[in-house]
Amino acid sequence: MAKHVKSVRPTRIEETAGGVVVRMIKGIFHCLVIRDRYGHWGLPKGHLEHGEDSEQAALREVKEETGLSDLQMGSRLGVADWGFRTKGGSIHKSATFYLMYSEVGRPVPDFKEGITECTWVPLHEAHDKITYENLCGVLQEAQRIGSGIGSGPKD
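Numbering-wise, the sequence shown is residues 10 to 164 according to our numbering.
FYI, nobody ran anything at the bench for these hints, they're computed from the structure.
Virtual Cβ for every residue (Gly too), placed ideally from N, Cα, C.
It cannot be assumed that every hint is accurate.
Unchecked claim - In silico DSBU-like cross-links for lysine-lysine, where the CA-CA straight-line distance does not exceed 30 angstroms: (1) Lys-102 / Lys-121; (2) Lys-102 / Lys-72; (3) Lys-121 / Lys-138; (4) Lys-121 / Lys-72; (5) Lys-138 / Lys-35; (6) Lys-138 / Lys-102; (7) Lys-72 / Lys-138; (8) Lys-121 / Lys-96; (9) Lys-72 / Lys-35.
What the hints assert, rightly or not - Label-pair distances were calculated between CB atoms; the ranges are: (10) Arg-94 / Arg-153: 30 to 40 angstroms; (11) Glu-134 / Arg-21: 32 to 42 angstroms; (12) Ser-103 / Tyr-47: 15 to 25 angstroms; (13) Glu-73 / Gly-48: 16 to 26 angstroms; (14) Glu-58 / Asp-137: 28 to 38 angstroms; (15) Gln-65 / Arg-21: 18 to 28 angstroms; (16) Glu-23 / Asp-137: 26 to 36 angstroms; (17) Ile-100 / His-59: 11 to 21 angstroms; (18) Ser-103 / Gln-149: 17 to 27 angstroms; (19) Ser-78 / Ser-99: 31 to 41 angstroms; (20) Asp-79 / Ser-99: 35 to 45 angstroms; (21) Pro-131 / Gln-81: 13 to 23 angstroms; (22) His-101 / Asp-79: 27 to 37 angstroms.
Produce the complete structure using the sequences and hints provided.
Following this line, the structure appears as structure tokens:
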């Protein structure tokens with residue numbers, strides 16, 4: 010009797026990068042959060058382009074999605090992972106996040122990329138605003154650095 014073997018579709022791995030953008034507003038560190046086309050709040054991020062490393066991609070994506078151009082790169086905060094299934098198989102995404110500092114400029118959402126809103130929230134309240142639980146670790150690390158432990162912008 011022949012056994013039926015269920016075909017296993019391969020898992021596709023997608024690498025992305027983004028930023029926790031902070032700014033001092035009235036003596037309190039604020040974090041820039043974005044709302045996506047699904048109405049969920051998150052952090053700016055996107056796919057690496059050919060030849061980019063995660064730091065380059067993070068800067069490019071934050072600039073594209075928020076319109077902020079005067080960004081100073083800070084520390085690597087960590088990686089957020091998630092996965093989902095499609096008709097074509099499983100997808101595992103990994104996003105490397107960096108702390109970024111912005112002193113000037115008004116954020117403008119990139120509507121063509123599905124970003125519907127950008128807003129500053131106090132860094133210590135960002136966890137409550139963010140919809141995606143997998144971002145908790147990078148937000149905690151940003152808050153740890155923002156509270157005076159760790160390093161500031163890179164030179």
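Status of each hint after checking the structure:
1. Lys-102 / Lys-121: The hint holds at about 22 angstroms.
2. Lys-102 / Lys-72: 21 angstroms, holds
3. Lys-121 / Lys-138: With Cα atoms ~23 angstroms apart, Lys-121 and Lys-138 stay inside 30 angstroms; holds.
4. Lys-121 / Lys-72: 14 angstroms, holds
5. Lys-138 / Lys-35: 20 angstroms, holds
6. Lys-138 / Lys-102: Status holds; Cα separation ~22 angstroms.
7. Lys-72 / Lys-138: Measuring from Cα to Cα gives roughly 21 angstroms; hence the hint holds.
8. Lys-121 / Lys-96: Satisfied, since the Cα-Cα distance of roughly 26 angstroms is no more than 30 angstroms.
9. Lys-72 / Lys-35: The hint holds at about 24 angstroms.
10. Arg-94 / Arg-153: 30 to 40 angstroms: The hint (30 to 40 angstroms, Cβ to Cβ) holds, given that Arg-94 and Arg-153 are roughly 34 angstroms apart.
11. Glu-134 / Arg-21: 32 to 42 angstroms: 35 angstroms, holds
12. Ser-103 / Tyr-47: 15 to 25 angstroms: 20 angstroms, holds
13. Glu-73 / Gly-48: 16 to 26 angstroms: Given about 20 angstroms between the Cβ atoms, the range holds.
14. Glu-58 / Asp-137: 28 to 38 angstroms: 33 angstroms, holds
15. Gln-65 / Arg-21: 18 to 28 angstroms: For Gln-65 and Arg-21 the Cβ distance comes to about 22 angstroms; the hint holds.
16. Glu-23 / Asp-137: 26 to 36 angstroms: Between Glu-23 and Asp-137, where Cβ atoms are some 28 angstroms apart, the hint holds.
17. Ile-100 / His-59: 11 to 21 angstroms: Check passed, 19 angstroms falls within 11 to 21 angstroms.
18. Ser-103 / Gln-149: 17 to 27 angstroms: Holds, since Ser-103 and Gln-149 (Cβ atoms, about 18 angstroms apart) stay within the stated range.
19. Ser-78 / Ser-99: 31 to 41 angstroms: 37 angstroms, holds
20. Asp-79 / Ser-99: 35 to 45 angstroms: 39 angstroms, holds
21. Pro-131 / Gln-81: 13 to 23 angstroms: 20 angstroms, holds
22. His-101 / Asp-79: 27 to 37 angstroms: 34 angstroms, holds
Checked against the numbered hints given earlier, the structure satisfies every one of them.
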